[in-house]
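Heads up, the sequence shown is in the numbering used here, so the first residue is 181 and it goes up one at a time.
Think of the hints as simulated: they come from the structure by calculation, not from any bench.
Keep in mind the model is a prediction, meaning the values are calculated, not measured.
A portion of the hints provided could be inaccurate.
Label-pair ranges, simulated between beta-carbon atoms [as the list claims (entries may be wrong)]:
1) Ala-231 - Asp-194: 36 to 44 angstroms
2) Gln-229 - Thr-193: 31 to 39 angstroms
3) Pro-228 - Arg-197: 26 to 34 angstroms
4) Gln-229 - Lys-187: 16 to 24 angstroms
5) Gln-227 - Asn-204: 27 to 35 angstroms
6) Pro-230 - Asp-195: 17 to 25 angstroms
7) Pro-228 - Asn-204: 17 to 25 angstroms
8) Asp-194 - Pro-230: 35 to 43 angstroms
9) Gly-203 - Gln-229: 21 to 29 angstroms
Think of the CB as a built atom: it goes at the ideal place given N, C-alpha and C, for glycine as much as any other residue.
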Amino acid sequence: MTKYCTKCGAANTDDARFCSACGNPLTLTSQQGGSWGGQPQGQAPSQPQPA
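Assemble the whole structure, with the sequences as input and the hints as a guide.
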């Protein structure tokens, strides 16, 4: 099963621990199919904090 990066969407090998394109750590959520969006389902995107 191919791992897809949750940050950039690049396909990686099964044994990869980090994305070959952007270096993002590959987690279990990145193995759940071809869908990638950067945020796991059920979590709102984080908002930048005012300075």
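Against the structure, the hints:
no.	hint	result
1	Ala-231 - Asp-194: 36 to 44 angstroms	42 angstroms, holds
2	Gln-229 - Thr-193: 31 to 39 angstroms	36 angstroms, holds
3	Pro-228 - Arg-197: 26 to 34 angstroms	29 angstroms, holds
4	Gln-229 - Lys-187: 16 to 24 angstroms	20 angstroms, holds
5	Gln-227 - Asn-204: 27 to 35 angstroms	21 angstroms, violated
6	Pro-230 - Asp-195: 17 to 25 angstroms	42 angstroms, violated
7	Pro-228 - Asn-204: 17 to 25 angstroms	19 angstroms, holds
8	Asp-194 - Pro-230: 35 to 43 angstroms	42 angstroms, holds
9	Gly-203 - Gln-229: 21 to 29 angstroms	24 angstroms, holds
Hint compliance for this structure: hints 5, 6 are not met, and every other hint is.
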